[in-house]
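Listed below, chain by chain, are the residues.
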Amino acid sequence: MLRPFTLHRPETAEEACALLAGLGEDAAVYAGGTELLLLMKLGLLRPRHLVDVKRVRGFGEIGLAPEHGARLRLGAAVTHRAVEQSVLIKARCPLVSSVARHVANVRVRNVGTVGGNLAFADPHSDLATLFLTLDATVELVSPRGRRELPLGEFVRGPWETSRAPDEVLGSVALTPWPADTAAAYVKFGAHERPTLAVATALRLDGLAGAGGGVGGRIVDARVAVGCVGPTPIRVAQAEARLRGAALADLEDVARAASESAAGGVDPADDLYGSADYKREMVAVFVRRALRIAAARARGAEPAARFPYAVVA
Amino acid sequence: MSARPLRVVGHPVPRVDAIEKVTGRARYVTDLTLPGMAHARVLRSPYAHARVRRVDVTRARARAGVFAALAGGDLTWCDPYYGPAYRDRPVLAIDVARYEGEPVAAVAAVDEATAEEALELIDVDYEPLTAVMSLDEALAPGATLVHAGQPPAGHFADLSTLRPRPGTNICHQWSFARGDAAAELAGAPVVVEDAYRFPSVQHVALEPHAVVAAWDETGALTLWASTQNPYSVRVELAKMFDVPLARIRVVVPHLGGGFGSKTYAKLEPLAATLARAAGRPVRLAASIPEAFQTVRRCAARVAVRAGFRRDGTLVAVECESDYDVGAYADIGPRVVQKGTYTATGPYRVPHVKLDARAVYTNTTPGGAFRGFGVPQLAWALESLFDGAADRLGRDPIDLRRQNFLAHGEEFAPGDTPIDGKLEESLGRAAEAIGWTQMPAADRGRGVAAMLKASVAPSVSEAIVRLHADGSVSVLASAVEMGQGTRTVLAQIAAEVLGVPLAQVTVVQPDTAVTPYDQTTSSSRSTAMTGRAVQVAAEDVRDQLLAIAAQSLGVALRELALADGAVVAPSRRLTYAEALALKFGMSGGELIGRGVIAPGRTAAPLGGSTPFWEMAVGAAEVSVDEETGALRVERYVSVADVGRAINPLLLEGQDEGGVVQGLGHTLLEEMLYADGHLLNGTLLVYRVPRADDAPGDLECHFVENADGSGPFGAKGAGEGSLIPVSPAVANALARLTGVRLRELPLTPERVWRALRSRSARA
Amino acid sequence: MTIHVVVNGRPRDLEVVPHALLLDVLRDALDLKGAKRSCDTQVCGACTVLVDGLAVSACTYLAVEAAGRSVLTVEGLAEGDSLHPLQRAFVETGAVQCGFCTSGMLLTARAMLAENTKPTRDDVLHYLRGSLCRCTGYRKIVDAVLAAAEAAR
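Protein chains in written order, with the numbering used here: chain A, 1 to 312; chain B, 1001 to 1761; chain C, 2001 to 2153.
Don't read these hints as lab results, they were simulated from the structure. One thing to keep in mind: the hints can contain errors.
Stated by the list, open to error - Interface residues of chain A toward chain C, partial, derived using beta-carbon atoms under 7 Å:
| id | residue |
| --- | --- |
| 1 | L2 |
| 2 | P4 |
| 3 | L7 |
| 4 | R9 |
| 5 | L36 |
| 6 | L37 |
| 7 | L38 |
| 8 | N105 |
| 9 | V108 |
| 10 | V111 |
| 11 | W177 |
| 12 | S260 |
As the list claims (entries may be wrong) - Computed Cβ-Cβ distance ranges for the label pairs, DEER-style:
| id | chain 1 | residue 1 | chain 2 | residue 2 | range |
| --- | --- | --- | --- | --- | --- |
| 13 | A | A275 | B | D1395 | 16 to 26 Å |
| 14 | A | D269 | B | R1197 | 11 to 21 Å |
| 15 | C | A2152 | B | D1469 | 31 to 41 Å |
| 16 | A | P178 | C | A2152 | 37 to 47 Å |
| 17 | C | V2017 | B | R1027 | 23 to 33 Å |
| 18 | B | A1560 | C | S2082 | 30 to 40 Å |
| 19 | B | D1674 | C | V2017 | 34 to 44 Å |
| 20 | A | D276 | B | G1167 | 33 to 43 Å |
Virtual Cβ for every residue (Gly too), placed ideally from N, Cα, C.
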């Protein structure tokens, strides 16, 4: 049961921003409502105005952003389901589709949006973790114009972003990995929300491919760890250790990378586990994610499944 | 009686309420609307322990659309205390709030939004007090007392001698001894001992508690309540409002799950109080977080010591257990004494010393939950038993078999002898899990057994009505909460009266209509209420046979019932014809009555159990050693049920019991910090999902028709849950060498234990 | 405001306020009690209804979002007296106990079968990740869904 509010349905981003600027703290941006309506039911938020951005031109689109060199652009009101099913995303960056398939549950995916997820900045966000490895930038629209911000600067802390009260998150742009990249996303946890998530991408060169041996060198690497600390992070040290390594040496390099990752996260003791345990699990799953990516680099799909873990 | 094959009983017929449930037509309390019905909301204490200095509901009461706003101090016109063991629980806090979530004030308003707003207009002055949040804190010398003293309720025979320890938080103590356990343990060649902990968990019935209460102009009260025992609710309300039992009516539609959470009065007193103050019907529906603030399982810590001879004979057991019953006793004292009664499990033990205590803490009251005190003790004893097997160099199944009580053996003087064959269940489980074959290298297997008594003495009454057209009504107050009791009672009546199942209607429990049944719990409904229905149906049968014998001029022994008719060698009299003969017209009905009331006996708990519930569980697990995550790959449950009245329903119940048991085994634990419950919502309290169920789950039944229930039936539904945690822990121990003593076996706990093992190695 | 919604195949004009939740409108204004309020936080699935074929948590979904759309509740699954294959499978397999989760399970399964006529057990588990049951242990529910899929083919 919700307290009464006025529902506004702007059709342009400018209109939406003007509403937010005018209504101030009395207004909340509303898309899928999976987070907002829950907070309103609990009485934690009591906006008297909801600014529904689902009808805003451009917010519901998935496309290429040619002005950014073929980056993928996801409108803020694109649902997780749309991401999961998008032919374009499956073609350009299939891991994004696979991860979207495992966000929360099917009902949340049908209604919840990419923009809502990123703007809410829940520390247990799958998308934020993955998107860090795709050089994600968010587009913020306001009466003052538009600005673009790297995701890592947008998400500042648990439920805290750089969005000004009169700004609307309009879209997120991702830079798909080059064609010879193998990637994996693994999340782990026995609770409703994941205890940790690891996203990794390995760009390879000199790949042996199907039927070949274990040739190949890691030319570039991405490692992001999320859902475990106040914000998701890229682990630059881990990436550095991976760059230049031979795929054949992956096991050793993965160990080093995993230690960097464990050292780089800042978990707390909470319901999801102790900080010690979480750090150790980050190391475990960084290794596992890297092994999966490496196997995929060789054209194999590893069968290993881990209890309470989802592999995308 | 001839051994004619059973037509309906023993068959996996679809449940009689399946179609209404799959079409959305089944009605639960929150689906009901009464004209003029008001909606209630409850203001709950944010403190675990606080003096309630002042509650001012004036502004709430004055708000438009509010019909009533009450605080504890307003309840001067009724007895505001209730409780099945102690009448220690106020409808609304009086002077002191004893747990976070305790109702302090309540409103009834024209709609929920208004009620919600009215709550915000209530001012409460709290003075926080020191809280005792755990057994350790509650039992420490000089600990803050949750209660100053509490009057016994006096309802139940087995709770007529409650033994609190004044000046402490111990609200009941129960001991049992036989022989000289201390001496035997001192002399036994092999003694194993250990201490175990069982967490607080919540039932999480998908339907939280809900009530609609309405007084009429004559001062009679009707409630529609999501309750497992309408008659207990009735007697509480009768006492509270000083109204005769006959003028209080409790009606029970479908329950969306119970598992013990809905036994004894919970929100009904508050709803009735609000309805009286509001002068109109009041609907009070709890949310899931409020269910966490209403009742839970009693957490426990158990120390157990067992002595064996070298040949593996168990000679002595000592067990000390403390149960955390929360801020109000609810049925905690019975959980403690009845659970402890079978602390020695299904084994023969000549020397026994059992001491148990029910301890108050400033947390959600602990009450009944499937297993009723036995899961906590079986967790300990069955884990220890495997430890003993290790020490003795014996196979755990073999050691259990050696010490099992035999069919017909005495459990305790005055109580029912063991009425089942434990070794048969054990054998079936061993075979099904493949015990004698080596498991795969990454798998381990474990087993556990259980024994539980059903509540005694208890009473179940039933009425069966045969109508003029040959259709049948069954009137009994066993509550349908998903376990299938409506179907089972219909099957029993249909079987006895030789009518198709579709001709039998089981009326919803309604204390104005369906006769007394003590409780739907304790796995007793088939054995006790079912037996009452059987006797009532036999009463009708006998009346039919008498009519036919007289009218056909045939001896009784030549008559039988079949297909809705009395059948003689050369004649057939339909029931409609028989009634027409008796009444001389096409009206009238035959009424049959069944009363099952074994009464008090010399058994230690005051009554002899109507049957023993016995079961075995076997688990095969794998563990991800890097994370500690356990996976139960296979699970076998074997329950000795006497006769499965409906094998399909029984299998469903036991599958559900196993998975619910996996909840407290792997996932569930109510966590408190600084006096606050941290995980009282499903966003953070994790119950098993579909992918948590074992990939391979088998439920078997031993049926030797050796029960005192209808057609040789005994009870079932709790036996499948109880062995789960020790079977899984035993499997983990056999796989990894690691023994955990605290539930749930979360990945982190297992991981830490594995690391300690590696560190020691 | 007035919204036009097709509910279980019937066009309806509904008077709703912006802050009304779809679950309450269905249960209170239309007397469709099959969808239940349980966890109220989108975790359990007891309130599931289908909007344009997609499963949503009606407890956390504004009624106005259903404007111009079709809504399917459990009451709309059967065709007259003829049970939907899923309903029939649930009955025959014994996948119903207390029934509180049942309408959510049925509708979620129906949405899945509309997308995937040959689900594997893993597919079913994936789809039912957000549908809780405390009574059955899930086994018979999964069996029933697979049986219904089989029967429908």
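Now for the hints, and whether the structure bears them out:
1. L2: holds, 4 Å
2. P4: holds, 5 Å
3. L7: Nearest chain C Cβ about 4 Å off; hint holds.
4. R9: Hint on R9/A: violated, closest Cβ of chain C at ~9 Å, above 7 Å.
5. L36: Hint on L36/A: violated, closest Cβ of chain C at ~9 Å, above 7 Å.
6. L37: Cβ of L37/A sits 5 Å from chain C, so the hint holds.
7. L38: holds, 6 Å
8. N105: Holds. Min distance 2 Å.
9. V108: Nearest chain C Cβ about 6 Å off; hint holds.
10. V111: holds, 6 Å
11. W177: violated, 26 Å
12. S260: Since chain C brings no Cβ nearer than about 32 Å to S260/A, farther than 7 Å, the hint is violated.
13. A275/A / D1395/B: 16 to 26 Å: Cβ of A275/A to Cβ of D1395/B: about 42 Å, so the range 16 to 26 Å is violated.
14. D269/A / R1197/B: 11 to 21 Å: holds, 20 Å
15. A2152/C / D1469/B: 31 to 41 Å: Given about 39 Å between the Cβ atoms, the range holds.
16. P178/A / A2152/C: 37 to 47 Å: Check passed, 43 Å falls within 37 to 47 Å.
17. V2017/C / R1027/B: 23 to 33 Å: holds, 27 Å
18. A1560/B / S2082/C: 30 to 40 Å: Since the Cβ atoms of A1560/B and S2082/C sit about 38 Å apart, the hinted range of 30 to 40 Å holds.
19. D1674/B / V2017/C: 34 to 44 Å: Check passed, 40 Å falls within 34 to 44 Å.
20. D276/A / G1167/B: 33 to 43 Å: Since the Cβ atoms of D276/A and G1167/B sit about 42 Å apart, the hinted range of 33 to 43 Å holds.
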